[in-house]
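Asks: Here is how the chains run, residue by residue.
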Amino acid sequence: METIIKKTQRTGPVIFSEYTRGKAVRKAIEIGRNDILFELKDSGLKGRGGAGFPTATKWMLSAAANGEKKYIVCNADEGEPGTFKDRVLLLEYPELIFDGMVIAGFTIGAKEGIVYLRGEYEYMLKSLEDYLEEMRKDNLLGKNILGKDGFDFDITIRLGSGAYVCGEETALIESLEGNRGEPRNRPPYPVNTGFMGYPTVVNNVETLAVVPHIVLKGGGWFKQHGTDKSTGSKLFSVSGDCARPGVYELPWGIKISELLFIVRAENTKAVQIGGASGVCIPKSQFDRAFAYEDIATGGSIMIFNESRNMLKVLKNFMEFFVEESCGQCTPCRIGNLKLLEGVNKIESGDFTFGYINTLKELGKTMQVASKCGLGQSSPNPFISILENFKEEIFNSKNRNGGSNGKAR
Amino acid sequence: MAKRDSRTPVSQQPHTVEIPDDITTIGGTVTVEINEKKVSVPFGTTILEACKTNQIHIPTLCHHPDLCIAGTCRVCLVDVEGMRTLQTSCSFPITSPIKIKTTTPMVRKARRHIIDLLLSEHYGECYTCVRNNNCELQALAKEYGVDNFTFGHVDKPRFEIDRSSPSVIRDMNKCVLCKRCVRTCIDLQEVGVLEAINRGDKTHIGTFYDKALADVVCINCGQCINRCPTGALHANDPSDDIWAAIDDPTKHVVIQTAPSPRAAIGEEFGQPAGTSYTGELNTALRRIGFDKVFDTNFSADLTIMEEGTELLNRLKAVLVDKDESVKLPQFTSCSPGWIKYIEHFYPEYLDHLSTAKSPQQMFGAVIKTFYAKEADVKPEDIVTVALMPCSAKKFECNRPEMADSGFKDVDYGLTTREMAKMIKEAGIHLPEMPSTNFDDPFGDASGAGLIFGATGGVMEAALRTAYELVTGREVPFKNLKIEPCRGFQGVKQASVKLENCVEDYKFLEGADLKFIVAHGTANAKIVMEMLKRGELNDVHFIEIMACPGGCIGGGGQPIPTSEAIRTARAKAIYEEEESLPIRKSHENTHVKYLYEKFLTDGPCGHLSHKLLHTHYTKRGKFIS
Amino acid sequence: MLVFEKNALSEDIEEFILKFGAERSALLPILQSVQRKHKYVSDFAQQEIARLMNIHPVEVYSVISFYSFLHSNPQGRNIVRLCQTISCDMAGKIAVADAIKRELGINFGETTKDKRITLEYTNCVGMCDQGPAMIVNERVFTKLDPEKAVKILSEIK
Chain U
1 METIIKKTQR
11 TGPVIFSEYT
21 RGKAVRKAIE
31 IGRNDILFEL
41 KDSGLKGRGG
51 AGFPTATKWM
61 LSAAANGEKK
71 YIVCNADEGE
81 PGTFKDRVLL
91 LEYPELIFDG
101 MVIAGFTIGA
111 KEGIVYLRGE
121 YEYMLKSLED
131 YLEEMRKDNL
141 LGKNILGKDG
151 FDFDITIRLG
161 SGAYVCGEET
171 ALIESLEGNR
181 GEPRNRPPYP
191 VNTGFMGYPT
201 VVNNVETLAV
211 VPHIVLKGGG
221 WFKQHGTDKS
231 TGSKLFSVSG
241 DCARPGVYEL
251 PWGIKISELL
261 FIVRAENTKA
271 VQIGGASGVC
281 IPKSQFDRAF
291 AYEDIATGGS
301 IMIFNESRNM
311 LKVLKNFMEF
321 FVEESCGQCT
331 PCRIGNLKLL
341 EGVNKIESGD
351 FTFGYINTLK
361 ELGKTMQVAS
371 KCGLGQSSPN
381 PFISILENFK
391 EEIFNSKNRN
401 GGSNGKAR
Chain F
1 MAKRDSRTPV
11 SQQPHTVEIP
21 DDITTIGGTV
31 TVEINEKKVS
41 VPFGTTILEA
51 CKTNQIHIPT
61 LCHHPDLCIA
71 GTCRVCLVDV
81 EGMRTLQTSC
91 SFPITSPIKI
101 KTTTPMVRKA
111 RRHIIDLLLS
121 EHYGECYTCV
131 RNNNCELQAL
141 AKEYGVDNFT
151 FGHVDKPRFE
161 IDRSSPSVIR
171 DMNKCVLCKR
181 CVRTCIDLQE
191 VGVLEAINRG
201 DKTHIGTFYD
211 KALADVVCIN
221 CGQCINRCPT
231 GALHANDPSD
241 DIWAAIDDPT
251 KHVVIQTAPS
261 PRAAIGEEFG
271 QPAGTSYTGE
281 LNTALRRIGF
291 DKVFDTNFSA
301 DLTIMEEGTE
311 LLNRLKAVLV
321 DKDESVKLPQ
331 FTSCSPGWIK
341 YIEHFYPEYL
351 DHLSTAKSPQ
361 QMFGAVIKTF
371 YAKEADVKPE
381 DIVTVALMPC
391 SAKKFECNRP
401 EMADSGFKDV
411 DYGLTTREMA
421 KMIKEAGIHL
431 PEMPSTNFDD
441 PFGDASGAGL
451 IFGATGGVME
461 AALRTAYELV
471 TGREVPFKNL
481 KIEPCRGFQG
491 VKQASVKLEN
501 CVEDYKFLEG
511 ADLKFIVAHG
521 TANAKIVMEM
531 LKRGELNDVH
541 FIEIMACPGG
551 CIGGGGQPIP
561 TSEAIRTARA
571 KAIYEEEESL
581 PIRKSHENTH
591 VKYLYEKFLT
601 DGPCGHLSHK
611 LLHTHYTKRG
621 KFIS
Chain W
1 MLVFEKNALS
11 EDIEEFILKF
21 GAERSALLPI
31 LQSVQRKHKY
41 VSDFAQQEIA
51 RLMNIHPVEV
61 YSVISFYSFL
71 HSNPQGRNIV
81 RLCQTISCDM
91 AGKIAVADAI
101 KRELGINFGE
111 TTKDKRITLE
121 YTNCVGMCDQ
131 GPAMIVNERV
141 FTKLDPEKAV
151 KILSEIK
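Chains as they are written, first to last, in this note's numbering: chain U, 1 to 408; chain F, 1 to 624; chain W, 1 to 157.
No lab work stands behind these hints, which were simulated from the structure alone.
Every residue, glycine too, gets a C-beta built ideally from N, C-alpha and C.
Treat the hints with care, since some could be wrong.
Unchecked claim - Examples of chain W residues toward chain F, derived with CB under 7 Å:
1) Asp43
2) His56
3) Pro57
4) Val58
5) Glu59
6) Tyr61
7) Ser62
8) Ser65
9) Phe66
Isolated chain U, as found in the complex (with noise of 0.2 Å):
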């Protein structure tokens, strides 16, 4: 699959900077455990898939945890729209994934590895199947990884079948399992209760990617990039009106404003961050910033030109939602289909603003009441969209003006 950027045009801090394959691996056998967690709490590394755990806690917790047998599941399976970073790891860096992989492995003492990867992706399974196989001749899989004793690590890479929901990591050890992908209760956690019972540790592509890196120049180097809460870099998934969408290493910190204009983005009038499920912001705060303390991302920035319709951006995300929430709890199921049709009823002028104030309380409650971050952050978009938008969505002037696409 070819991506518009081409591999040797990417260039960035750390992902996209050098790496052998191995590399880290080699040095990771040198260090040993503690000094990797060491590096690793150090470069205060969060997880890339959006939430924003720290990494380093997660694997402490799951080496902690008392278990026969424990897993590394890599959560290839990015659905949120507007995101395809992993895609471009997963076709172009490999050696980054599967590394990290193995050092997480070796760290926290699994034998053990899952790639979950979306059925959407199933054209890469054997291209990715055969670089194991590679790893495993080089002896960077299988059994004494480089000739260390006792330490055996493989993966093998399983596939979805079509369900946003099991990017969530419990539903997709729920998927794993052979179950609906249906996210469970937490407590208990997967580092201590994961994949059959046993401690996992799921890690995004990007947080594993960004892993050997780290293990080779240090938590210090590490979070030379970025501002002091949100270390190192980041990949952002730039699609929409632009003219260089496509995957971009950025240290977190930049702004809005700037990320616009290195992807050529003109006369834009919002940006919707972290996917669907993310915010929508107006021009009016294109200074703020990327970053945990300020916009946290999955690194999805879909960009909206002055000629689209806001109303109809979030009816789309809304759709999303109703389709894609795994129907097991009632904030999440009902609550999305509500929000659709006050959506609807907005779009045919069949509204009141009371009721229209009601559905975002109904949001705010679904924030906090959801089983998972899908339902909890599925509002973000109706909430976000008709509080920056009002001019325009609630100005009868406007309701019909604007268009989406070249057909609506």
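For this one, chain U is given, so just place chains F and W on it according to the hints.
Replies: Okay, now just chains F and W, sitting in the frame of chain U:
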């Protein structure tokens, strides 16, 4: 006994934390703050349990004491200090000194929103619902002062009501997706007919390919009905037809009442679980207009005579005649849910089932033959009704083979709940009724028949008779209470030594009569798998009841149900039994009379075989 | 279904179970394998899988119904999934969708009469920078326009 192989997802299994025996040990208890009050609870207790033991009410919907945790309805949310989101109290184990608040504005608003959402999708009006006044959703709406449909209300049904089953009716328009029926069907009963289908807003509870319930391997146990919080699942109610029969002067309407309903029907009239209303019920039934009120315990005694004799015959055939076509262990056949279960899931073992009909069906056959003659009524004018704790009895009486009297042996199976409704409709408050006896000629039954209602009861009754037939002495248990048969352990195994046998049964001298009692089909599955593995070759007799707790926990019993309620009902039965003058089936004078006057060739004789025994159908579990 | 077809299907399933195991965690790989070969998992296949894995058929059906890419009813020989998510939408999904519908004479969610193609919408396929995108069986096609989409479809056997 073998451990159950549970397929429950790990997160839905109760969070197991080893609780030290001595909970005062350091770490054994955790002191938490609930609504700013400090309380100590054992490590691992859920917030819901902790609140309950401290008299703090938390609303629930998907939670059920018999089932694994789901945490899906989100009604039981509470605020835990330091957590970003609200937490479900049913699933949250207390393992550290947390601070919990159960009624913050956010919690109250969230609960109200959730109830509003459920109501917006809940089609149907309360006053036309079988669960009116006993509905958990309705109760929640009341508790939270719901006075309007904030998020609208569906005005059209989305699902067709599935009335295909003679036992269980499913109206998914009223379903709140708590999955209690799914957890009942898959985990508790291991029948596995119901599951969630599709996802997102299209999620619903359904069967394989959304087929009609009658076309899948449902065993009609009705346990799903007992655990449904709303009217989405209910039994197929024949009471209109029964009223019509009562109102028809040409019909002679006879009712038999099983032991379990008596111990439970009081609950429908606001009485605590475990109060027996045997005599009061008799009066109420007569006032409603039933022409005769008979005691199913009579035919339970008859069942013991037939089934016990069959067991002794099988023992002789196997041990003495070395007849390889005769199978041991023998299984009881009283529970129609169990019968359908084995027909579907273990059809190759049908030869192990006793051919004796269930007490309900024996009675029907006797009423339309012997009784019709004795009372000089034409059998075609007799309508037999059976008051049962059971939804599967409705299927059983409609089996085509159940017409050995020349007519449909039992016309209607009526559940305890439906009976209570009829009594109320007749303007009767059951607890106020004077007590009266059953009608003759089947009036007095033995206590052995009565204890059929609880798991292990059939075994206990059979042992009392069989042991005495074989040895000439009473069973060697104090006050005839065969303790190994009692209690709610899933699978119980024990034996009785047969010594100094009478002449006819010398071949059993010194033998250990080994028996097993199991209740709930999940436990039946354990037993069947043991049998399959050849681990039960030395076992002689196995009692299986499809429902947890036996008939007292049947699918037709009052709602709600829980182990505590079932225990109370069982206690009521055992207490009433101890007070009865006759406690062994073979001493029932009416049974003796029946064998003298009608079934003259004795138990398992020719006429018995025609009227009181049946055959089974190899159904298999393939769904076509 | 004819007897020899059933036997062949049973053999396939047994082979998959040999490969992936009979534990519940093998269910998805097995279903995916059956689907890959037969384009859907029939009621007979589901019951065979349930029997060999010692689970209930309704559990298999439930799992299939949860995942968009698994089917319990017959599909066309090729499954075409057009991404309906916002980036592809903005890049001109509707024009492509209309062209496909016109070309095939069916709506989304339907199969052509000759069973050649089943047409579906899908959510984000991770090609947002190159939309509109569609997946034909496992292959991804990007930067579609109506002419390109029609040409791709016409080349499918």
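Asks: Would you check whether W:Val58 satisfies its interface hint, that is, whether its CB is within less than 7 Å of any CB in chain F?
Replies: This interface hint holds because 5 Å falls under the 7 Å limit.
Asks: Next item in the hint list is W:His56. Is there a CB on chain F closer than 7 Å to its CB?
Replies: With a closest approach of 3 Å, the W:His56 hint holds.
Asks: Would the stated hint for W:Ser65 survive a check requiring a Cβ distance to chain F of less than 7 Å?
Replies: With a minimum Cβ separation of about 5 Å from chain F (threshold 7 Å), the hint on W:Ser65 holds.
Asks: Minimum Cβ distance from W:Glu59 to chain F below 7 Å?
Replies: Constraint on W:Glu59 satisfied, holds at 6 Å.
Asks: Regarding the hint that W:Ser62 lies at the interface with chain F, is the smallest CB-CB distance below 7 Å?
Replies: holds, 4 Å
Asks: Restraint: W:Asp43 near chain F, CB-CB cut 7 Å. Satisfied or not?
Replies: For W:Asp43, the interface hint holds, since the closest Cβ of chain F sits about 6 Å away, which is under 7 Å.
Asks: Minimum Cβ distance from W:Phe66 to chain F below 7 Å?
Replies: With a minimum Cβ separation of about 5 Å from chain F (threshold 7 Å), the hint on W:Phe66 holds.
Asks: Could you check if W:Pro57 really has its C-beta closer than 7 Å to a C-beta on chain F?
Replies: Holds, about 5 Å.
Asks: Under 7 Å, Cβ to Cβ, is where W:Tyr61 needs to be relative to chain F, so tell me if that hint holds or is violated.
Replies: holds, 5 Å
Checked against the numbered hints given earlier, the structure satisfies every one of them.
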